[in-house]
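Given chain A, put chain B in place with the hints provided.
Residue numbers (the working numbering), protein chains in the order written: chain A, 3 to 244; chain B, 175 to 956.
I should point out that these hints are in silico values taken from the structure, not numbers from a laboratory.
Computed from a predicted structure; not experimentally measured.
Idealized CB from N, CA, C, for every residue including glycine.
Keep in mind that a hint or two might mislead.
[Said to hold, decoys possible] Which residues of chain A face chain B? A few of them, derived with a C-beta cut under 8 Å, are: (1) S71; (2) R118; (3) L119; (4) L123; (5) E126; (6) R128; (7) G143.
[As the list claims (entries may be wrong)] Which stretches of chain B does chain A cover? Using the computed rule of at least three CB atoms under 8 Å from a CB of chain A, they are: (8) 590-596; (9) 780-793.
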Amino acid sequence: MSEAARAAEPGAIILESVSKWYGRGETMVRALTDVDLHLGLGEFVVVLGPSGSGKTTLLNVIGGLDVPSAGRIRVDGSDLGSLDDRGRTRYRREQVGFVFQFFNLMPTLTAAENVRLAADLVDEPRDVTAMLASVGLKHRGGHFPGQLSGGEQQRVAVARALVKNPSVILADEPTGSLDSATGADVLDLLHDLARRERRTVVLVTHDASLANGADRVLTLVDGRLARDRFVAPARYRGGQMA
Amino acid sequence: MLRRKALRDLVRHPGQAAMLVVVFALGVVVFIGIRTSFSGLAPAATDLYDRLRLPDLVARVAFAPAAVIGELAALPGVAAVEGRVAFDASALGHPGVTVRIVGVADDPAAAVGRVEVARGRSYQPGANEVLIAETAVAPHELALGETLRLQSPRGGVTDLEIVGTARQPEHLAMIPEHGFMAMPRTYMVAFVSPATANRLLGRSGGVTELAIALAPGADGAATEAAVRETLRRYRPNVVAASELPSVRNVASHLDALRGAAIVFSALFLVAGSVGGFVLLSRVVQRERSSIGLLRAFGVGKARVALHYLSYTLTLAAVGVVLGAPFGRPLAGFVRGIFAADLGTPVIAGSWRWDVTAAAVAATLLAGAVAGLAPSLTAASLRPTDAMRPDAPAVPPRMLSPVRAGCQRVPTGFAMVVRNLRRRPARTALTAVGITFAVVLALAPALVLSETAAVESRVRAVRGYDLRVTPRAPRSEAWLEDLRSVAGVTRAEPLLEIPVDARFGETELRTYVVAVAPDSTLLRLPVPEPGRAFLALGLPSASASVSLRGPLGSVELPVGRRVDYPLGRPVLLSLADARRLLAPPAILGDAVRAVFGFELPGLDAPISAALISLSPDAAPDTADLLRARSDVGRVDDRDSEEADLERIFSLTRAFIGVIEVFAIVLGFAIVFNTVTVNALERRRELATLRVVGFDHDRVARLFRLEALTTALLAVPFALPVAWWLAGVALRDFGEFLPTGIALRAQPVTLTFAGLVVVTLAACTPALRDLRRTTLADEVRTRA
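Here chain A stands alone, though its shape is the one from the complex:
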């Protein structure tokens, strides 16, 4: 496939020599250095790396939370770096769903309201109740985050990410605050949705075991893409390869 054809591929995310640094002079920290990457629609990508390797920075520049210091990011053919704050907000609103380590639910909204909050942002959202049902929380829609377990809160966060119908889901240590069984459930849910809904999922973690079942595993070391490994498609269930 030619470079132009790959760039125009629906849902494709292309990073070209993306670098990100903070500060300047002697205090400058290079978080990402010359990262080239092509993520196709429907890929389940796990980004591994030790602490400080640039995983979250990579996620942030892909999600439009941060802008690269150098290089280009193209999503659906458009240059993310050329967007202003308003444009990046629209990009996050329409194309990206986030899942965070600490859930980031609005504490004063119920589970259903947290999902509806995101649904109200787009023209054609998915049904809130159906989304809650798809994450197994149909009966917990009226509960506040404080009344839900960690796993349930993260499921609400996943439902919130998906209700907007985004083309890409970015998950930053989504199991980091959960026990292993609950974490496995959430991961299972993400795999299931990625397969069923054909969404690109980029999952950042320092836990190498979460790479099981991924379509692709990226390894970052000192801000550089040290390894890009494609894995044969496999069915993933309960944290184990089937």
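For chain B alone, coordinates are given in the frame of chain A:
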């Protein structure tokens, strides 16, 4: 080390810390400044009254023989009596000014009502020399050595040399006998020797005023009754010292000052407390894990509590250090204004360490109160709980109807409402703080609006240009003379008569006003003969009123009540009013029977003429009228309005200062709340941005929340402000018989101001939010 941590934590919130320091500092400044002024002025007035022997009773009579002095002195309970001649005269060259001439002996050892020379020297007995009351000098631009040309009630003109200025305890403030507020532009008091007073009045051998000192332990009520009885044939008006217009005025000013010291400093200290509480609550919330760590290290509860208490105590202490030095200059400033206004001598060097100590203690207490609850909360955290993430708020069960209601409103608005409930104590305290600020702004605005309404009512009633008082009683025929003066377009009769009025069981001294039925110059409803109208503010329970005038009496049924902004008179027809001036028929019959002639009387008497001038009347028309031998005095509307304007302009200036304080206070409270809210919710707001909310939409939600908190104060602020405005204008009851109205304009303007201040206070927090690195915020733990 913990101390260093506390200081650094405060520096992390520079805006809020600075705002709270300013609020605490203002509390200290106001407390020290006003309280020190009051502490200096109140004893100054008391000392002055003691030193100059303020009489316990003052009796005013028509003209009584000097022998009554001895009669009164012989009464049980009376320690000393001073008889004087006192009367009103006109000051030529000072249009519209009434001069109260008081003839008193220059006796430094006088037992009652001494005169104290403030500047210059005293008068020589019998010489044409005069001492001007100290507070009357500036408004009339008088100077020592100048001549005051007086026209006495009998018409004679005398030049008196101003040889000094003086204080006299009954006349510190320039208030006419029946007045209730100082009118220094149209009224002044001057002291002359008794011989000079007699000469000016044209009578001798009697007194018109008696100042009475009671013996220690005397029964005041019984002695007053005995004085009345002794003077009964001279129709006395006996007034206790506390009811003398000047004494009442001084007392009400001092009361206002004392109230202001308490109210203003309390407002600032409460605002500081509320702000400190909100700030420290936020710090404790944010530092849960650090607290858990400290406790896990073995730091005791008391030390944790003291550590966090030191935050608000530090802010209060810095406020004290910055504010206290300004207390003394403010005290001097306030004392100077009041001393000049009241005529009370300023006590030099009246710096009060006890007041300063009390201010410092009150401010530190406010700081401690602010920090108490959050500090105890911090100390009571268990290490294991503290190091876990804070459980998100779950709405209290009692608020379930609100919760149900929220499910039917847009999600954003539900979030706003629930955020207010999330920290109910903080929301409530913030609303209380904003209530303070709104009350502080609205109460003066209501006062201002009421004064404007009074002015407008006065203008609506008063249609005349001049009010001309004849030198001697005149009949209505005199109006024809006045109509012939060039420039006069209309002249109407006015009859004002002092009366004792009885409304059922209530008896009071007031006056009757009567004008022609077709009067256009005093626009009042005029009752038909045989009926009385009562001004609002007079007792309303009785169906009839009994009036006792100088010669006659009438009893009339009460008709309607009338809004009369210039006082509280009884309105009668001219015919009924004139019955009060007619001698009893039995006396006329007796004279006719014994002497064979009719009692001399005045046909259709009037007490003054109301004049309107043509637009092209010569500017000196008033002076032409004053120059007439039959005219006693001419009051022009401009002078009267200038006095009224002076009173209201002082009120407006005072209100302007209060409004500035209110805006600062309101801004400080709202700013503090909004900033803390933004800090607490930075992660949530960043998440909204990440999810796809644009900044404007987040800002709208944020502003809506701030506005909702601010508007929570409205239901509380309205009645409190209304009540406070009523209290503030209590001394102006003569003008406000129906009390304070809750007018739409000041209410609307105040709440519009609240909205503006709230939105302005949101700006720094929202600017900060815009600069927030979203990626960093969303990764933080709740």
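How the hints compare with the structure:
no.	hint	in the structure
1	S71	14 Å, violated
2	R118	5 Å, holds
3	L119	5 Å, holds
4	L123	5 Å, holds
5	E126	14 Å, violated
6	R128	15 Å, violated
7	G143	11 Å, violated
8	590-596	holds (count 4)
9	780-793	violated (count 0)
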